[in-house]
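Asks: Protein sequence lines correspond, in order, to chains A and B. Quick note: the first sequence uses the working numbering, first residue 65, plus one each step. Quick note: the second sequence uses the working numbering, first residue 10, plus one each step.
Treat the hints as calculated values from the structure; they're not laboratory data. Virtual Cβ for every residue (Gly too), placed ideally from N, Cα, C. Be careful, since some hints might not be right.
Only pairs whose alpha carbons sit at most 30 Å apart, straight line, appear in this in silico DSS-like list of lysine-lysine [what the hints assert, rightly or not]: (1) A:K97 with B:K251; (2) A:K173 with B:K158; (3) B:K295 with A:K164; (4) B:K158 with A:K97; (5) B:K16 with A:K223.
Take a look, some chain A residues computed to stay more than 12 Å from chain B by CB distance [as the list claims (entries may be wrong)]: (6) S89; (7) S309; (8) P310.
Output of the computed footprint for chain B on chain A, the stretches with three or more beta carbons under 8 Å from beta carbons of chain B [unchecked claim]: (9) 152–164; (10) 191–204; (11) 295–306.
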Amino acid sequence: MDFATTKKPFILKKYTTTQNVLTASNISIGYNKKSTKPLILAEGVNFTLVPGQLTAIIGPNGSGKSTLLNTLSGQLAPIDGTILIDNQPLAEVSHFIQSKYLALVLTKKEFSQHLSVFEFVRLGRIPYTNWLGSLGPDDHHAVARAIESTQLTELLNQKCGTLSDGQMQRVAIARALAQDTPIILLDEPTTHLDLVHKAQTLRLLKNMAQHHNKAIAFSTHDIELALDLADQMICVTERTITMGSPDELINNGVMDKIFQSDLVRFDRKSKRFSITD
Amino acid sequence: MSRKEIKGLFFWPILLLALSVVLNLSLGSVYIPTEYIFTAFFSDTYINETWHYILMDYRLPKTITAILVGGGLSVSGLLMQTLFRNPLAGPFVLGISSGASLGVAFLVLGSGVLGGLGATLLSGPWAMVIASATGSFLVLLAVISAASKIKDAMALLIIGLMFGSLTGAIVSVLSYFSRAEALQQFVFWSFGGLGHLTWTGVIILLVSVIIGLVVTIASLKSMNALLLGPQYAQSLGISLRKSTFLMVLATSILAGSITAFAGPIAFIGLAVPHLVRQIIGSSDHKIMVPSSFLWGSIIMLLCDTVAQIPFSSMTLPINAITSILGAPVVIWILLRRKNLLF
Chain A
65 MDFATTKKPF
75 ILKKYTTTQN
85 VLTASNISIG
95 YNKKSTKPLI
105 LAEGVNFTLV
115 PGQLTAIIGP
125 NGSGKSTLLN
135 TLSGQLAPID
145 GTILIDNQPL
155 AEVSHFIQSK
165 YLALVLTKKE
175 FSQHLSVFEF
185 VRLGRIPYTN
195 WLGSLGPDDH
205 HAVARAIEST
215 QLTELLNQKC
225 GTLSDGQMQR
235 VAIARALAQD
245 TPIILLDEPT
255 THLDLVHKAQ
265 TLRLLKNMAQ
275 HHNKAIAFST
285 HDIELALDLA
295 DQMICVTERT
305 ITMGSPDELI
315 NNGVMDKIFQ
325 SDLVRFDRKS
335 KRFSITD
Chain B
10 MSRKEIKGLF
20 FWPILLLALS
30 VVLNLSLGSV
40 YIPTEYIFTA
50 FFSDTYINET
60 WHYILMDYRL
70 PKTITAILVG
80 GGLSVSGLLM
90 QTLFRNPLAG
100 PFVLGISSGA
110 SLGVAFLVLG
120 SGVLGGLGAT
130 LLSGPWAMVI
140 ASATGSFLVL
150 LAVISAASKI
160 KDAMALLIIG
170 LMFGSLTGAI
180 VSVLSYFSRA
190 EALQQFVFWS
200 FGGLGHLTWT
210 GVIILLVSVI
220 IGLVVTIASL
230 KSMNALLLGP
240 QYAQSLGISL
250 RKSTFLMVLA
260 TSILAGSITA
270 FAGPIAFIGL
280 AVPHLVRQII
290 GSSDHKIMVP
300 SSFLWGSIIM
310 LLCDTVAQIP
320 FSSMTLPINA
330 ITSILGAPVV
340 IWILLRRKNL
350 LF
């Protein structure tokens with residue numbers, strides 16, 4: 065039990081599209097090692113997450129996308145620099161307060177397979193419930209809204225263990241929506257999905273960002289789809305991180321050099337990658 | 010889940026529990042008519058001095074013990090399965106019961122080494138509870154610290170088994186150096202049994218189980234959050250440190266005090282939560298915890314009734330009965346569901 069999670073008045077500010085909810089200033093990401101010097105994946109990183117915008121985090125395997133996401137969600141401390149969440153340093157914000165700002169969507173299937181879809185989504189309300197975790201009228205309302213916007217009504221009584229990957233992704237997104245936070249971070253939400261379900265998931269994220277005015281960031285390997293839909297992109301390559309709109313990244317040549325390999329080529333006009341002959 | 014559905018989930022087990030209590034009180038080596046049981050409780054007339062003695066000082070404490078032991082072990086099994094996110098977790102598999110026996114072994118066998126003063130200080134039922142709960146708490150902490158380093162669930166189970174054999178080895182060393190009477194006392198304890206508790210013992214067990222259940226109730230919210238996995242739970246504002254500590258504490262109090270009085274009892278903690286998951290469709294611990302307690306006590310009462318072999322003077326070891334009934338249940342669930350899921 066967490067005594068801090070008992071009900072107390074907590075009013076979240078209404079965000080306008082111009083405010084930054086999350087600001088990373090001059091951060092270095094990587095892992096602190098006990099014996100050797102820290103393993104730094106990227107340094108001097110600056111970017112902001114803005115309500116209403118969908119941000120894609122892209123980059124080759126092992127470049128540090130997950131590390132960046134883990135750093136943003138407070139699970140990994142940045143080696144240098146500060147992350148501000150609503151103008152407070154993330155490191156000083158307790159897990160409890162953080163849970164009202166930041167919701168996660170994870171790919172790892174560590175949850176109980178016996179949970180029903182409805183139960184899974186309801187658990188998103190935990191930060192707002194009393195010591196027993198009982199839901200009040202506001203909580204039921206938020207859960208109903210999350211289920212409606214992810215179109216899960218027909219799946220409610222199914223066990224999570226029986227769902228397809230695409231359905232499970234929608235359930236995880238619904239849970240994050242129910243948590244009712246200004247920021248949502250997703251760890252590779254499009255992996256293991258076919259093209260239609262990838263598009264469906266990204267379209268859902270885009271709608272959520274626009275209609276619910278949320279700052280949404282997701283890591284992905286589907287760069288082409290991200291170029292089509294994302295408002296801004298954070299490109300993580302060896303030791304550097306570049307941020308910009310899809311067009312900016314294409315025009316200043318970041319996309320051409322993202323994979324340092326002769327095997328794939330980026331075509332600026334069609335915004336597609338192809339295998340070189 | 011609606012209020013009506015929840016009422017339905019608890020109506021049958023409570024009725025079944027009441028029936029099991031009556032059955033458990035009526036059957037035994039001496040025949041006592043069922044009507045007499047009701048008259049003994051609801052009127053002052055003594056029909057039969059012997060019956061009254063058997064009922065009040067032997068069968069009733071044993072029935073209450075069975076309820077506490079079955080219910081408490083099931084709840085501690087559920088706590089372990091949720092904490093370790095592992096369907097095979099239970100007080101036995103993770104070495105908690107071995108930890109409890111180590112505590113008791115130090116108390117019973119070690120008091121001889123300490124001499125007369127130690128023996129008087131360390132005797133009495135409370136000392137047994139404290140020794141056993143401390144033993145299980147320490148082993149559980151060791152398993153937890155290993156678990157924080159090793160993410161693989163299979164490795165964790167192996168570590169639990171290793172702790173089990175390690176404590177077993179220490180117990181053998183202790184018994185090699187101890188007096189014959191102390192050794193005999195320890196061996197009898199390790200057979201397990203529900204029938205040797207005095208009323209004082211029952212009260213102490215009752216208080217310990219209630220404390221364990223109160224800590225469990227305090228952990229209900231974090232247990233539900235942990236159903237999503239530790240990373241989600243933390244992102245929902247749950248302190249993993251605090252909730253792990255509370256769940257380990259609850260398990261040690263429950264499994265430790267029960268093992269102190271009734272000896273190591275196998276399979277109830279592992280099998281009952283699975284059985285309950287098959288019966289009720291909800292993962293919510295606000296329903297799972299009371300349901301596991303109810304079904305655990307019903308099963309324990311029935312096992313005890315079978316172990317008494319009604320109308321004969323023989324009594325089978327309770328541990329054998331729970332294993333004979335428990336192992337097939339786990340196999341049956343595995344065969345039916347093809348997999349045992351957390």
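Asks: Are 3 or more residues of the region 295–306 of chain A near chain B, judged by a Cβ distance of less than 8 Å?
Replies: violated (count 0)
Asks: Would you check whether the claim that S89 of chain A is not at the interface survives, using Cβ distances to chain B and the 12 Å cut-off?
Replies: holds, 23 Å
Asks: The output says P310 of chain A does not contact chain B. Does that hold with a beta carbon cutoff of 12 Å?
Replies: holds, 29 Å
Asks: Compute the least Cβ-Cβ separation between S309 of chain A and chain B, then decide whether it is above 12 Å.
Replies: Given a closest Cβ separation of 29 Å, the condition holds.
Asks: With the threshold set at 30 Å, check whether the alpha-carbon distance from K97 of chain A to K251 of chain B stays at or below it.
Replies: Cα-Cα ~26 Å, so holds.
Asks: Is K158 of chain B close enough to K97 of chain A, meaning Cα to Cα at most 30 Å?
Replies: holds, 15 Å
Asks: Against the 30 Å threshold, does the CA-CA distance of K16 of chain B and K223 of chain A hold or violate the hint?
Replies: Given pair K16 of chain B, K223 of chain A holds - Cα atoms ~22 Å apart, limit 30 Å.
Asks: Would you check the hint for K295 of chain B and K164 of chain A, treating anything up to 30 Å between C-alpha atoms as holding?
Replies: Holds - the C-alpha atoms of K164 of chain A and K295 of chain B are around 24 Å apart, at most 30 Å.
Asks: Are there three or more residues in the region 152–164 of chain A whose C-beta lies closer than 8 Å to some C-beta of chain B?
Replies: Answer holds; 7 residues pass the 8 Å Cβ test.
Asks: Are three or more residues of the region 191–204 of chain A within 8 Å, CB to CB, of chain B?
Replies: holds (count 5)
Asks: Taking 30 Å as the top limit, are the C-alpha atoms of K173 of chain A and K158 of chain B close enough?
Replies: Distance of about 19 Å is within 30 Å: holds.
When each numbered hint is compared with the structure, a violation occurs for hint 11 only.
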